[in-house]
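J.: Sequence:
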Amino acid sequence: MTDVAGQSGSAPSAGEVARPHTDPQAVLTPLTPSAMFLVVTIDQGGEKAAREVLGQVNDLRKSVGFRIPEGQLTCVVGIGSDLWDRIFTGPRPAKLHPFVELDGGRHKAPSTPGDLLFHIRATRMDLCFELAQLLTDRLDGAGTVVDEVHGFRSFDERDLLGFVDGTANPEGDPAAESVIVGDEDADFAGGSYVITQRYLHDLKSWTGISVEEQERAIGRTKLDDVEIPDDLKAPDSHVKLNTIVDEHGVEHDIMRFNMPFGRVGSGEFGTFFIGYARDPGVTEHMLRNMFIGDPPGTTDRILDFSTAHTGNLFFVPTLTFLDDLPDAPGSVEGEPGEATPPAVEVAAGDAAQP
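All residue numbers for the sequence shown refer to our numbering, where the first residue is -19 and numbers rise by one.
There may be inaccurate statements among the hints.
[As the list claims (entries may be wrong)] List of simulated lysine to aspartate or glutamate pairs, DMTMM-like, C-alpha gap at most 25 Å:
| id | residue 1 | residue 2 |
| --- | --- | --- |
| 1 | Lys220 | Asp210 |
| 2 | Lys184 | Asp205 |
| 3 | Lys75 | Glu227 |
| 4 | Lys75 | Asp307 |
| 5 | Lys42 | Asp106 |
| 6 | Lys75 | Asp153 |
| 7 | Lys42 | Asp120 |
| 8 | Lys42 | Asp303 |
| 9 | Lys42 | Asp304 |
| 10 | Lys28 | Asp62 |
| 11 | Lys75 | Glu164 |
| 12 | Lys28 | Asp39 |
| 13 | Lys184 | Glu137 |
| 14 | Lys28 | Asp65 |
| 15 | Lys75 | Asp259 |
| 16 | Lys28 | Asp127 |
| 17 | Lys213 | Glu192 |
| 18 | Lys202 | Asp284 |
| 19 | Lys202 | Asp136 |
| 20 | Lys220 | Glu137 |
[What the hints assert, rightly or not] With beta-carbon atoms standing in for the labels, derived distance ranges:
| id | residue 1 | residue 2 | range |
| --- | --- | --- | --- |
| 21 | Gln113 | Asp303 | 19 to 27 Å |
| 22 | Asp39 | Val225 | 39 to 47 Å |
| 23 | Gly70 | Phe132 | 36 to 44 Å |
| 24 | Asp83 | Lys42 | 40 to 48 Å |
Derived by calculation from the structure, the hints in this document are not laboratory data.
Cβ coordinates follow ideal geometry from the N, Cα and C atoms, glycine included.
The task is simple: from the sequences and hints, build the whole structure.
T.: Here is the structure:
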């Protein structure tokens, strides 16, 4: 969805979020022309394969990207709350939980299955596709891709509603402060949280209203992407409801890397929303405002034209974490890279007697 303006406020300084022993994943990589979003569920019994893929994803990314370095291939992997407890022992991220469904009566944000997220980006779709194929091959028989979206960059960063998307993402140190977990959860410093939703747009209805009405719904001008002044902004506009200010008057940001997608033959036109945040509560607050309303009932006008079909929340650990995974629960057989000892055949006559 089209994003909102905002400035990072009382978040700790960049020095507090960049701990020496952490190496964040590429969550702050700039928007690329192509992206793939894979949401995967892991079957019971597939936990070992999931751990192996987590340990291999960065090497696989290097194997594909090394051949075409100008392709800027990256892959961010996120882990859902339910799977976390199935594959790891020890501490868990403090704010990791399943995505909470929102139902305001008029509009609904569903919570849908998802154990792993692969957010793959590059300047070329073939790089994204090959890495996605390598990842899913390794999960064959252990999990199911429940959502797959191939995103593209549209003209001057516009969504399919015709508005620029991503204008007010924070930059530089404020971006890291908004997205990267700091000392408030020291065991997982350098990580991040990400919420995803797949929206479909009713473009016939949207294009049936005037540009002025569209601008009122978004809270920005369409042609030159200028935010409408606060005193003229509609209370149900997307920008208004997505501006989060705490009790101290501090405005809080997230980083959006939304991508358009679609299939013209079936009339499917959408936006894959993906928002990274240091605290998922900021994104959840935005969504409550949109779907429940602030005040309740004043829901986001854009939802009259855009419907959410999925909803997931994941934790994005550091590369350091992925390189040295915590121990697995006893129910998960073996460790990544461990060979299973061969069975020893015992002749019937040599078997121990009870």
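J.: Now tell me if each hint is right for this structure.
T.: These are the hints, each one checked on the structure:
1. Proposed proximity of Lys220 and Asp210 is supported: the alpha carbons are some 8 Å apart, at most 25 Å.
2. Of the supplied pair hints, the one linking Lys184 and Asp205 holds, its CA atoms being roughly 22 Å apart against a limit of 25 Å.
3. Distance restraint check for Lys75 and Glu227: the Cα-Cα separation of roughly 20 Å lies within the 25 Å cut-off, and the hinted pair is therefore satisfied.
4. This hinted pair checks out: Lys75 and Asp307 have alpha carbons roughly 21 Å apart, not beyond 25 Å.
5. At roughly 15 Å between alpha-carbon atoms, Lys42 and Asp106 fall within 25 Å of each other, so this suggested pair holds.
6. Between Lys75 and Asp153, the direct Cα distance comes to roughly 23 Å. Compliance with the 25 Å bound is thereby established for this hinted pair.
7. Distance hint between Lys42 and Asp120 is fulfilled; the C-alpha atoms sit about 21 Å from each other, no more than 25 Å.
8. In summary, the hint linking Lys42 to Asp303 is supported, as the alpha carbons are separated by about 14 Å, within the 25 Å threshold.
9. Of the pairs offered as hints, the one joining Lys42 and Asp304 holds, with about 18 Å between alpha carbons and a cut-off of 25 Å not exceeded.
10. Among the hinted pairs, Lys28 with Asp62 is consistent with the structure: their alpha-carbon atoms are about 15 Å apart, no more than 25 Å.
11. For the suggested pair Lys75 and Glu164, the alpha carbons sit about 11 Å apart, so the restraint of at most 25 Å is met.
12. Between the alpha carbons of Lys28 and Asp39 the distance comes to roughly 18 Å, so the proposed pair stays at or under 25 Å and holds.
13. Using a Cα cut-off of 25 Å, the hinted pair Lys184 and Glu137 holds, with the two alpha carbons roughly 21 Å apart.
14. Taken as a hint, the Lys28 and Asp65 pair is honoured in the structure, with Cα atoms around 13 Å apart against an allowance of 25 Å.
15. Our distance criterion of 25 Å between C-alpha atoms is met by Lys75 and Asp259, whose separation comes to about 7 Å.
16. Using a Cα cut-off of 25 Å, the hinted pair Lys28 and Asp127 holds, with the two alpha carbons roughly 22 Å apart.
17. Straight-line distance between C-alpha atoms of Lys213 and Glu192 comes to about 12 Å, which keeps the hinted pair within the 25 Å bound.
18. Restraint check for Lys202 and Asp284: satisfied, since their Cα atoms lie roughly 18 Å apart, inside the 25 Å limit.
19. With a C-alpha separation of about 12 Å, the suggested pair Lys202 and Asp136 falls inside the 25 Å cut-off, and the hint holds.
20. This hinted pair checks out: Lys220 and Glu137 have alpha carbons roughly 21 Å apart, not beyond 25 Å.
21. A beta carbon spacing of about 23 Å between Gln113 and Asp303 agrees with the range 19 to 27 Å that was offered as a hint.
22. The supplied range of 39 to 47 Å is met by Asp39 and Val225, whose beta-carbon atoms lie about 43 Å from each other.
23. For the pair Gly70 and Phe132, the supplied restraint of 36 to 44 Å holds, since their beta-carbon distance comes to about 40 Å.
24. Against the hinted window of 40 to 48 Å, the Cβ-Cβ separation of Asp83 and Lys42 comes to about 43 Å, which satisfies the hint.
Every hint from the earlier list agrees with this structure, and none is contradicted.
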